[in-house]
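Colleague: Chains as they are written, first to last, in our numbering: chain A, 1 to 180; chain B, 181 to 788.
Honestly, I wouldn't trust all of these hints.
Here are the simulated DSS-like pairs of lysine-lysine, each with C-alpha atoms no more than 25 Å apart in a straight line [stated by the list, open to error]:
id : chain 1 : residue 1 : chain 2 : residue 2
1  : A       : K49       : B       : K228
2  : A       : K113      : B       : K228
3  : B       : K207      : A       : K25
What the hints contain is simulated information worked out from the structure, not anything from laboratory work.
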Amino acid sequence: MGNKQTIFTQEQLDAYQDCTFFTRKEILRLFYRYRDLAPQLVPLDYTNKPAVTLPYELIGSMPELKDNPFRQRIAEVFSEHGDGSMTLDDFLDMFSVLSEMAPRDLKTYYAFKIYDFNNDDYICKSDLEKTVNKLTRNELTPEEVSLVCEKVIYEADVDNDGKLSLEDFQRMIVRAPDFL
Amino acid sequence: ILFFAWFAAEEDLVGSLASMSTNERIKAIQKMPETMRKKRDIRNKVLKEITKKSRHRGAHPSCCTQCLQGAAVSFRRFGNTLSEYFHLLRIWHKTLKIIGAEFGTSVLSYFVFLKWLINFNLFSFLINFGFITIPQFLAAEPNKLSFTGLELLTGAGYFQQTVLYYGFYTNATISKIKNGPSYNMQLAYIFTVGIYFVICFLILLISMAKSFYRNFINPQAVSGNASKLLCTWDFNITNEKAVKLKQKNLSTQIKENLSEVNKEVLDFSVMERVLRIGVHLLAWVASLGIAVAACTGVYFLSINNLELFMKGQRNDLESQAAMLVLPVIASLLNALIPFLLSWLGHLERFQTPGQHIYVTITRIIILKMSIVGILCYYWLNIVATSESQCWETLVGQDIYRLVLVDFIFCLLGSFFGEFLRRIIGTTVFVSLGRPEFDIGRNVLDLIYAQTLTWIGILFSPLLPGIQMIAFLIVFFVKEVSLRRNCQPPRKVWRTAQMMTSFIFLLFFPSFLGVLSVIGVTVWRLKPSEGCGPFRGLSSMYAAVSGWIKMLESYTASKWVVWIYHNLITSELFFFILSSIVLIVTYLYWKIIQQRKTVTKRLHEQLIN
Numbered sequence: 001m002g003n004k005q006t007i008f009t010q011e012q013l014d015a016y017q018d019c020t021f022f023t024r025k026e027i028l029r030l031f032y033r034y035r036d037l038a039p040q041l042v043p044l045d046y047t048n049k050p051a052v053t054l055p056y057e058l059i060g061s062m063p064e065l066k067d068n069p070f071r072q073r074i075a076e077v078f079s080e081h082g083d084g085s086m087t088l089d090d091f092l093d094m095f096s097v098l099s100e101m102a103p104r105d106l107k108t109y110y111a112f113k114i115y116d117f118n119n120d121d122y123i124c125k126s127d128l129e130k131t132v133n134k135l136t137r138n139e140l141t142p143e144e145v146s147l148v149c150e151k152v153i154y155e156a157d158v159d160n161d162g163k164l165s166l167e168d169f170q171r172m173i174v175r176a177p178d179f180l
Numbered sequence: 181i182l183f184f185a186w187f188a189a190e191e192d193l194v195g196s197l198a199s200m201s202t203n204e205r206i207k208a209i210q211k212m213p214e215t216m217r218k219k220r221d222i223r224n225k226v227l228k229e230i231t232k233k234s235r236h237r238g239a240h241p242s243c244c245t246q247c248l249q250g251a252a253v254s255f256r257r258f259g260n261t262l263s264e265y266f267h268l269l270r271i272w273h274k275t276l277k278i279i280g281a282e283f284g285t286s287v288l289s290y291f292v293f294l295k296w297l298i299n300f301n302l303f304s305f306l307i308n309f310g311f312i313t314i315p316q317f318l319a320a321e322p323n324k325l326s327f328t329g330l331e332l333l334t335g336a337g338y339f340q341q342t343v344l345y346y347g348f349y350t351n352a353t354i355s356k357i358k359n360g361p362s363y364n365m366q367l368a369y370i371f372t373v374g375i376y377f378v379i380c381f382l383i384l385l386i387s388m389a390k391s392f393y394r395n396f397i398n399p400q401a402v403s404g405n406a407s408k409l410l411c412t413w414d415f416n417i418t419n420e421k422a423v424k425l426k427q428k429n430l431s432t433q434i435k436e437n438l439s440e441v442n443k444e445v446l447d448f449s450v451m452e453r454v455l456r457i458g459v460h461l462l463a464w465v466a467s468l469g470i471a472v473a474a475c476t477g478v479y480f481l482s483i484n485n486l487e488l489f490m491k492g493q494r495n496d497l498e499s500q501a502a503m504l505v506l507p508v509i510a511s512l513l514n515a516l517i518p519f520l521l522s523w524l525g526h527l528e529r530f531q532t533p534g535q536h537i538y539v540t541i542t543r544i545i546i547l548k549m550s551i552v553g554i555l556c557y558y559w560l561n562i563v564a565t566s567e568s569q570c571w572e573t574l575v576g577q578d579i580y581r582l583v584l585v586d587f588i589f590c591l592l593g594s595f596f597g598e599f600l601r602r603i604i605g606t607t608v609f610v611s612l613g614r615p616e617f618d619i620g621r622n623v624l625d626l627i628y629a630q631t632l633t634w635i636g637i638l639f640s641p642l643l644p645g646i647q648m649i650a651f652l653i654v655f656f657v658k659e660v661s662l663r664r665n666c667q668p669p670r671k672v673w674r675t676a677q678m679m680t681s682f683i684f685l686l687f688f689p690s691f692l693g694v695l696s697v698i699g700v701t702v703w704r705l706k707p708s709e710g711c712g713p714f715r716g717l718s719s720m721y722a723a724v725s726g727w728i729k730m731l732e733s734y735t736a737s738k739w740v741v742w743i744y745h746n747l748i749t750s751e752l753f754f755f756i757l758s759s760i761v762l763i764v765t766y767l768y769w770k771i772i773q774q775r776k777t778v779t780k781r782l783h784e785q786l787i788n
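All chains, full assembly: derive it from the sequences and hints.
Modeller: This is the structure we're talking about:
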């Protein structure tokens, strides 16, 4: 059924299909994209589960990510070591969540982690300031940035602790249908 | 202790996953917000758990259950491969993704809407072709007219005696074999058209309800700053210029927002307010006046057209060209007046650019719908009662010409509006820059074309096929023109609500208007004597009532007669149906109100 491939065992492909939103063909295509980033590092045989990690610079140069202002945060969130370098598992994971087949609450969870720059499970004012600067390319003055962040926290923070928890963020996203 | 707590939680998770069905389990694992390694671990544990359970349970020989499991696994793999092949059928998936990446989701929604309309027209064409045209081919009369190339443009001449128009269809009951199964053309025609419109109605209603439900749940909360900041970033964009543009846009929006907050609300004096209202009123009167003037022009032109047609059927170039004057003028008006209305909107100086856009779109809709309305009036009241041989074919030809000329103008508009404008903007007046893709105007053009197609289905059954080919060419041309000539949009549109408003616009003025036109045609107008499936009857609907009368004599189909008399033609039934619908709507509305108050109260409790 389909082309015979020798990169993965059938068991591995089944596991990938169960754990991501991709079909078999898409998983193989993603593997080839991963390999194209560094053909000398990535072997063509994954049946014995080699431990290959690509550094962040290669991941960040992919055409899908290179213009995204949040590419570094995205890579950090999905990477195993937290520094942006990715194994094939992390790579597939990242594209699975970013694909259009992933449900909204999964994307919301990861969006929260992406905006949480200091990884403390809360989006505090400094996280928001960094987000605003990335979104507007440093066009606003620091006072304007500060004012915007205060307004956001005022509107969305329900338990009044000065920062946004995952529940606050999710509640806000539920009400905004434009979220992609 | 923490480790043990986490371990126990995982055991619970594995247990609950093992007890689900296969599909649910896969979906649950896919949705888990964990790393791939963790998910794989959990999945393997769950599979082990399942085999352990089945081993405990089964007193049966294990090879049987193993066989079943093996079969289930290979069946799932087969299903996966099959769905991959179905994905190949999504022809434009890649093109749409590229458009979304370079220009953003708002421009993408235009192309998604166009693709939806193409599918719709394909469906209409297949229904009409299968149920009406193919049987007609079996009973076709030979075509005595000659074919000159001009017919493609005017739709007259050779095409008059083909399946393209209503007039060609027979009113007989077609049966190839003596005493074999017969096919009643009259009933087929009216039932096909009727059931097609019912299906359209349901499809539109369901699509509207679905997008309404998704995008308008809580309109009160969307205007907040927080959602604007964190949710309007379009992560689909991968083009560098588009990203920079979006960033600049967002920063400008935030600055405007802040300056509004810092400034006090401008309090207009009474004099200024009266002046503003006066200016708005004047602009509305002007735009309605323009629409009325356009309609009068179209009306007189069409009466002139009919006189020309009735006078003589000379098939030379001059009279053929004269037939094209009406569609060309109508399309010219449709193409040029929107610019005038938009300029009028600029003069008015609205408070927000959003208001300007919505008011302009409303005025353009009023213009287009009134032009369609006046044409329908002309067709139904003047052409139908004229002494022409086959008025339905005349109407069909008119609509064919309108559709064709509108299509040509759409392509020309793309040429002038985007290609030439880009050349002017990059070489002569460099400050103008590249044009933006005008979503509103293009969508209204699509809705206008689709309205014409719907009206024309009764008179020219193959029209959806022609419109589908036209839309395909438009898709291709617009996509190429977009990529070569346009820049990403600078304004921010609320894209999620756009698809909803497009379908809403398609439904309300357009589809309901078409339904009323078709209703009047079927119930009130007398079909022509010499042509078409309903020749000789007093109205098209008389075919159905005649059929019911005939059925009364058969005892086997008494239930059909009963349904007809007591449900379809009885006013009491519709009255009861409408009251039930109104009561249910009212109840749902009350439930929503109550839920809103409860949410508000809970919200306040949480804060305090």
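Colleague: All hints, please: hold or fail.
Modeller: Each hint, compared with the structure:
Proposed proximity of K49(A) and K228(B) is supported: the alpha carbons are some 21 Å apart, at most 25 Å. A C-alpha spacing of about 32 Å is found between K113(A) and K228(B), which places the hinted pair above 25 Å, so the restraint is violated. Using a Cα cut-off of 25 Å, the hinted pair K207(B) and K25(A) holds, with the two alpha carbons roughly 19 Å apart.
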